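K.L.:
Below are the chains, spelled out letter by letter.
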Amino acid sequence: MLSRVAESLFWLGRYTERAENYARFIDVNFNLSLDLPPEMTEQWSPLIMASGDQELFEKNYSNYGRENAVFFLAFDEKNPNSIINSVIRARENARQVRESISKETWEILNDLYYFVRELEKKKVWKKESAEYYKQIKYKLQLLQGIGYDTSPRTQGWYFNKLGQSLERADKTSRLLDVKYHVLLPSVEEIGSPLDFLHWNALLKSVSGFNAYCRLYGKVKPINVVEYLVLNRYFPRSILFCLISAEDSLHEISDSKRGFSNPAEKAIGNLRADLEYAEIKDVFASGLHEYLDKLQIRFNDVASCVDEQYFRIMSNSTLQEQQQ
Amino acid sequence: MAIFNQNYNSSDHFDEMFTPEGESRPTYAPFEEKLKSYTKKKLLQLQHSTDKAQMSMGMTFNVYHENKGIEKILHLDLIPRIINGKEWKILDEGLKQRITAINMFIDDIYHDQKILKDGIVPADLVLSSKDYLKPCIGLNPPKGIWCHITGSDIVRDKSGKFYVLEDNLRCPSGVSYLLENREIIKQAFPSLFSQMGVRPVSDYPSMLLNMLQNLSDKKNPTVVVLTPGIYNSAYFEHSYLAQQMGVELVSGQDMIVKDKIVYMQTTKGLKQVDVIYRRIDDTFMDPKAFNPKSMLGVPGLFEAYKAGNVAMSNAPGTGVADDKAVYAYVPRIIKYYLNEDPIIENVPTYLCSEEDDLKYVLENIEQLVVKETNAAGGYGMLIGPKAKKEEHEKFRKLIQEDPRNYIAQPTLSLSTVPTLSENGFSPRHVDLRPYILFGNTIEIIPGALTRVALVEGSLVVNSSQGGGSKDTWVLFD
Numbered sequence: 001m002l003s004r005v006a007e008s009l010f011w012l013g014r015y016t017e018r019a020e021n022y023a024r025f026i027d028v029n030f031n032l033s034l035d036l037p038p039e040m041t042e043q044w045s046p047l048i049m050a051s052g053d054q055e056l057f058e059k060n061y062s063n064y065g066r067e068n069a070v071f072f073l074a075f076d077e078k079n080p081n082s083i084i085n086s087v088i089r090a091r092e093n094a095r096q097v098r099e100s101i102s103k104e105t106w107e108i109l110n111d112l113y114y115f116v117r118e119l120e121k122k123k124v125w126k127k128e129s130a131e132y133y134k135q136i137k138y139k140l141q142l143l144q145g146i147g148y149d150t151s152p153r154t155q156g157w158y159f160n161k162l163g164q165s166l167e168r169a170d171k172t173s174r175l176l177d178v179k180y181h182v183l184l185p186s187v188e189e190i191g192s193p194l195d196f197l198h199w200n201a202l203l204k205s206v207s208g209f210n211a212y213c214r215l216y217g218k219v220k221p222i223n224v225v226e227y228l229v230l231n232r233y234f235p236r237s238i239l240f241c242l243i244s245a246e247d248s249l250h251e252i253s254d255s256k257r258g259f260s261n262p263a264e265k266a267i268g269n270l271r272a273d274l275e276y277a278e279i280k281d282v283f284a285s286g287l288h289e290y291l292d293k294l295q296i297r298f299n300d301v302a303s304c305v306d307e308q309y310f311r312i313m314s315n316s317t318l319q320e321q322q323q
Numbered sequence: 001m002a003i004f005n006q007n008y009n010s011s012d013h014f015d016e017m018f019t020p021e022g023e024s025r026p027t028y029a030p031f032e033e034k035l036k037s038y039t040k041k042k043l044l045q046l047q048h049s050t051d052k053a054q055m056s057m058g059m060t061f062n063v064y065h066e067n068k069g070i071e072k073i074l075h076l077d078l079i080p081r082i083i084n085g086k087e088w089k090i091l092d093e094g095l096k097q098r099i100t101a102i103n104m105f106i107d108d109i110y111h112d113q114k115i116l117k118d119g120i121v122p123a124d125l126v127l128s129s130k131d132y133l134k135p136c137i138g139l140n141p142p143k144g145i146w147c148h149i150t151g152s153d154i155v156r157d158k159s160g161k162f163y164v165l166e167d168n169l170r171c172p173s174g175v176s177y178l179l180e181n182r183e184i185i186k187q188a189f190p191s192l193f194s195q196m197g198v199r200p201v202s203d204y205p206s207m208l209l210n211m212l213q214n215l216s217d218k219k220n221p222t223v224v225v226l227t228p229g230i231y232n233s234a235y236f237e238h239s240y241l242a243q244q245m246g247v248e249l250v251s252g253q254d255m256i257v258k259d260k261i262v263y264m265q266t267t268k269g270l271k272q273v274d275v276i277y278r279r280i281d282d283t284f285m286d287p288k289a290f291n292p293k294s295m296l297g298v299p300g301l302f303e304a305y306k307a308g309n310v311a312m313s314n315a316p317g318t319g320v321a322d323d324k325a326v327y328a329y330v331p332r333i334i335k336y337y338l339n340e341d342p343i344i345e346n347v348p349t350y351l352c353s354e355e356d357d358l359k360y361v362l363e364n365i366e367q368l369v370v371k372e373t374n375a376a377g378g379y380g381m382l383i384g385p386k387a388k389k390e391e392h393e394k395f396r397k398l399i400q401e402d403p404r405n406y407i408a409q410p411t412l413s414l415s416t417v418p419t420l421s422e423n424g425f426s427p428r429h430v431d432l433r434p435y436i437l438f439g440n441t442i443e444i445i446p447g448a449l450t451r452v453a454l455v456e457g458s459l460v461v462n463s464s465q466g467g468g469s470k471d472t473w474v475l476f477d
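If you're matching them up, the sequences are chains A and B in order. FYI, in our numbering the residues of the first sequence are 1 to 323. FYI, in our numbering the residues of the second sequence are 1 to 477.
No lab work stands behind these hints, which were simulated from the structure alone. Keep in mind that this is a model prediction, so the values were computed, not measured. Note that beta-carbon positions come from the ideal geometry of N, C-alpha and C, so glycine has one too. Possibly wrong hints are sitting among the right ones.
What the hints assert, rightly or not - In silico DMTMM-like links for lysine to aspartate or glutamate, alpha-carbon gap of 25 Å or less:
{"id": "1", "chain 1": "A", "residue 1": "K121", "chain 2": "B", "residue 2": "E71"}
{"id": "2", "chain 1": "B", "residue 1": "K72", "chain 2": "A", "residue 2": "D111"}
{"id": "3", "chain 1": "B", "residue 1": "K186", "chain 2": "A", "residue 2": "E104"}
As the list claims (entries may be wrong) - Derived, one-sided and incomplete: chain A residues facing chain B with beta-carbon distance under 7 Å:
{"id": "4", "residue": "R98"}
{"id": "5", "residue": "E99"}
{"id": "6", "residue": "S102"}
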C-alpha cells in the first residue's frame, strides 16, 4: 500500500485512541470528585501533569480549576492533544484515505466530529457533567467496533492497530503516572480510604475494575500497577499493547519471530523486557521513573516505524528492487 | 398539482415538468401522480434527511474563507430532473458525434494541422491558446484517443431545444454527485423510484476502470487517480472514484519518476504505475515540463508519458479544446471531419478576437453573457442584463485590453424544474452535464449531473456560486 496511506492509517489509530483516553480521563475525574469527602477539593492538575502539556496549560491559564482543565483537555484548539484536535486530525487523516477505509468507519468518525463541534458550541465544559465525555467515548468505541467488523485484515488494518496500540501503551503509562502527581493531604493518607478511592478510580478509567477484582480481590496499589503494566491478558495493560503492536509489525512485514527491521527490533526488546519483568523490578527505581523511561522507548519505536515505512524511499531502495 | 403552488409559474421559460397551461408533461405525469401522496411537510422532512445524509457521507466541498475551511454540501433538491428515452437518444447521438469530431480535431492540431491550413479554424486562435501545449506536438496517445473523459454542459431554450453550452475536457468534475445523488434519492422515494423505469447509473466506476485499463498494453495494469489533495474542492470525488474503482488515490508526492518510469511509494518499496487518471490540470502535472512552481505534480512525468511508459487520461494537451473560443468552432469542426451537421447545436457565440463580433459585443454588452475563454466554475463572467453599469464598463475595458480572452453569448433562457423550498415548489433554472467516456467505443452513462440555480431568477448554476444539484432520471422509454 502507499506509504502515505499507511501513515494516515497509523495516525488515525493514534488520534482516535488519544481522544478516547482523554474522554476517559475526564469522565473518571468527574466521578472521583463525586466521592470525595466534603472538605477535599477536586484535583484536576494531576490530569494535566500526566498529559505532559502542563507548560502549555500554565502559559494560558491562571489556575487548575475544573472549567479550565476540562476545556483544555477537551476543547482547546491551542492544545494539540485536546479531544477536539485529536478528532479533527483523525478525521483529516481518514479523509486522506477514504478510499481505504469502510464507508461506515468514515461516517461514524464524521458524526463524532460534528458531535464534538456541537458540544463546543454549547460550551459544555461549564457544566458539571461527565455525560458528554461518556458519549464521546462510546462513539469512539462504536468506531472501533465497526472497524473490527468491517475492515479486511490487510496491511492497512495493522498500521491502524499499530498506531492504536502504541498510543494506548503510552496513555496507560500516563494514567498510572497521574497517581504519582495526586496530592494526598499528608503522608498518613497513603493507604487511607482516600488513597483507595484514587486507585479504584484509576482502574475504572480503563474499564478494568471488575476484571481486576476477579484476579486480585482487594485493591492494592502494587497489584494495580502489576495489572496495568505487566498483565498479558488485559487489553489496556502496557504489556498487552506492546504484544499487539509487535504482532502488527510482524503482520506488516510478513515475518514470524525475531526481527526483520529496526522497528521490530525495538518493539521486541521492549516487549521482552516487560514480559520477563517482575513487579519489584518496576518499583526498583521508582514507578514514575520507570514509566518515564517506557514512554521514551515507545517514542523510539514510533520513530523506527516512521523511518521504515513512511519516509520517502531513497534511490538505493529502487536499485535494490531492480536487481 | 395540489402540492404545487397555485402560482407556480415559469413565465416564458421552458419548464421540464409543466406545460405553460399548467399540465404535467407526459414524461413527468407518472411522477406527479405518485408525488400527490406526499404532503409538503413530509417532503420537507425528506429534504432535511437528504441534507443530513450528505453531511454524514462527507459529500462536502471546501470553501476557504479567512484561513478557516468551511465545509459545505452541494444542496441536493428532492425533485428529479427527468429525461425520456427519446430526448436521451438525441443527446447520446449528438454527444458521440461531438466527441468523435473534437478528438479528431485535437489529434489534427498536434500533427498536420489540416484544419488550420484549410482555414476552417483560424490558426492564430488555436496556436495562441494558453492550453495549446507545444511539447505535445507530434505525440500519439494510446489508440489515438485524447479526450477520454468529457462532461459537456447542455441547456434547453424556450422552445425546449437542446444546446451545448460548453465542453469540459480538462478535469470535468461532478460525476460522484451523479452517483451519490441517485443513492440518496432512491432512499428518499423507494417505491416511487422503482415504478418509474429509470435507467441505472451504478456501473459508471467499472466503465471508467475498463476505459483506463484499456490505455495500457499490460494485462493487469496499475491504475491510479492523481489528486491535488484534500484542499481541492473536488477531493471528495477523487477519493470516491478511487474507492469505487478499487485503485490507489495518489498525490504528486507519492510518485517518483526514474529513468522515465513512474513509480509510487508503497510500504513494500516502489511500484510501477501504468495509467494515471489525473485530476490535475495540464500545466500543473509536471514542474519540469510545464509550470515550474507547481507543487502538485510529479517532476519528469511528462517525459515518462512521452516515452510511452505511462498513459494519462485525459491526454496532456486536450485542454485546448476546452477553450471557449475554440468551442465557437465546434459545429464547423464536426462538419469538417465528419461531413455531418451537428445533432446538438452550439449556443451562438461572439468571438471578441474577431473585429465584427467585438464591435457587436461592446455595443450590446447589456444583453450578453461575457465569459473568459479559459476560466471555469462561473468565475470571470458577466451576465449583462443582471449587472450594473460599472460592471459593463469594467468588462468593456477588459475585453478591449485582451479580446482573445473573451467570448460573448446571448443571455440564455435556461429551462426550469420545480424545486423545493419552505414556500413549496418554485421554478428554478437548470443545466445538464452528461459524462462521456471514450475508450474502445464512446459510452455515455444514462444519467447526468443536473445543476440548479437555487436563487430565484438566477442563471448561475455553479456550486461555487450558490448552485445546487438534482438527481437526473433517464427513462427507458
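K.L.:
All the hints need checking, so say for each whether the structure fits it.
P.N.:
To see whether the hints hold, each was checked on the structure:
Of the supplied pair hints, the one linking K121(A) and E71(B) holds, its CA atoms being roughly 17 Å apart against a limit of 25 Å. A hinted pair counts as satisfied when its Cα atoms are at most 25 Å apart, and K72(B) with D111(A) qualifies at roughly 15 Å. Pair hint K186(B) plus E104(A) holds up; C-alpha atoms about 19 Å apart against a cutoff of 25 Å. Residue-level restraint check for R98(A) holds (minimum Cβ-Cβ distance to chain B is 4 Å; threshold 7 Å).
Because the smallest distance between the Cβ of E99(A) and any Cβ of chain B comes to about 3 Å, under 7 Å, the interface hint for this residue holds. A hinted interface residue such as S102(A) counts as satisfied when its beta carbon comes closer than 7 Å to some beta carbon of chain B; here the least separation is about 10 Å, so the hint is violated.
The earlier numbered hint that this structure contradicts is number 6, and it is the only one.
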